[in-house]
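With the hints as extra help, turn the sequences into a complete structure.
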Amino acid sequence: EAQVTQNPRYLITVTGKKLTVTCSQNMNHEYMSWYRQDPGLGLRQIYYSMNVEVTDKGDVPEGYKVSRKEKRNFPLILESPSPNQTSLYFCASSHKTGTPVRGTGELFFGEGSRLTVL
Amino acid sequence: AQSVAQPEDQVNVAEGNPLTVKCTYSVSGNPYLFWYVQYPNRGLQFLLKYITGDNLVKGSYGFEAEFNKSQTSFHLKKPSALVSDSALYFCAVSNRAGTASKLTFGTGTRLQVTL
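Chains as they are written, first to last, in our numbering: chain A, 1128 to 1245; chain B, 235 to 349.
Source of the hints: derived by calculation from the structure; they are not laboratory data.
Every residue gets a Cβ at the ideal spot worked out from N, C-alpha and C, and that includes glycine.
Heads up, a few of these hints could be off.
Only some residues are given here: those of chain B computed to face chain A with a beta carbon under 8 Å [as the list claims (entries may be wrong)]: (1) Gly250; (2) Pro252; (3) Arg276; (4) Leu278; (5) Phe280; (6) Phe324; (7) Phe339; (8) Thr341; (9) Gly342.
Quick list of the computed label-pair ranges, beta carbon to beta carbon [as the list claims (entries may be wrong)]: (10) A/Val1141 <-> B/Lys303: 49 to 55 Å; (11) B/Thr254 <-> A/Asn1178: 36 to 42 Å; (12) B/Pro241 <-> A/Glu1197: 30 to 36 Å; (13) B/Ser237 <-> A/Asn1211: 20 to 26 Å; (14) A/Asp1183 <-> B/Leu349: 26 to 32 Å; (15) A/Ile1139 <-> B/Tyr273: 21 to 27 Å; (16) A/Val1141 <-> B/Pro313: 28 to 34 Å; (17) A/Lys1145 <-> B/Thr306: 41 to 47 Å.
Shown next as structure tokens:
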């Protein structure tokens, strides 16, 4: 089954304790992206990757890091989490030719990771 | 900068009635427009898109959307609502002249369909 898998789905942590949210897709997609969803703000892009070893900042990259060492994986790293990073996080992927502008435009989303930073 | 406005936080409609979820956008150049739906505790799912051509776009689950360039709108519609349509709906826009990765989402509209 084609899917984007995120882990953990739920996490409560404390300020300053490094954490990683993993994202893996099995559709051989070149493009992957991380979003955070906050009430009243919709989805905001954190980082994206057009292919292996190619990453770039989205609208709200502060406090986050990413890496793309393999095509299927795109982990989101919070080096020193703070309470303002409490949010619902989504990973998404698509084919490069199917990125939001070109091709089908269909993004495939994971189920989300709800993170609480105390 | 591109932007999307979804002026209604919530839309309430009775089952069997037509529904409209509003979306207006701002982007330089021609727009790529999308609707996504989010069911409780799930990720977003693609519903439909407008790239070019016919202003009336048909998508999944009987939804359609009408592109209106003069009003910069892309309202989502369905002739007859179902209780199972209750969900959070997001409109999104991209600029075909911009980078492929730049998709801007609206704040979402919660659709509540009641019996």
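Assessment of proposed distance window 20 to 26 Å (beta carbons of B/Ser237, A/Asn1211): Taking Cβ atoms as reference, B/Ser237 and A/Asn1211 lie about 23 Å apart, which means the hint holds.
When the least beta-carbon distance from B/Gly342 to chain A is tested against 8 Å, hint result: holds (5 Å)
For A/Lys1145 and B/Thr306, compare the CB-CB distance with the range 41 to 47 Å and indicate the outcome. holds (43 Å)
Once the shortest beta carbon distance from B/Gly250 to chain A is found, is it less than 8 Å? violated (29 Å)
Given a hinted range of 30 to 36 Å, is it respected by the beta-carbon distance of B/Pro241 and A/Glu1197? violated (42 Å)
Interface restraint verdict for B/Thr341 against chain A (beta-carbon cut-off 8 Å): holds (4 Å)
Given a hinted range of 26 to 32 Å, is it respected by the beta-carbon distance of A/Asp1183 and B/Leu349? violated (47 Å)
Close enough to count: is the Cβ of B/Pro252 nearer than 8 Å to one in chain A? Since the shortest Cβ distance to chain A is 25 Å, the answer is violated.
Would you check whether B/Phe324 satisfies its interface hint, that is, whether its CB is within less than 8 Å of any CB in chain A? holds (7 Å)
Return the status of the interface hint for B/Phe280: holds when the least beta-carbon distance to chain A is below 8 Å, violated otherwise. holds (4 Å)
Interface hint for B/Leu278, Cβ within 8 Å of any Cβ on chain A: Holds, because the Cβ-Cβ distance from B/Leu278 to chain A comes to roughly 4 Å (cut-off 8 Å).
Go ahead and decide if the range 28 to 34 Å is satisfied by the Cβ distance of A/Val1141 to B/Pro313. With Cβ atoms ~51 Å apart, the hint is violated.
Hint check: violations occur at hints 1, 2, 12, 14 and 16; the rest are consistent with the structure.
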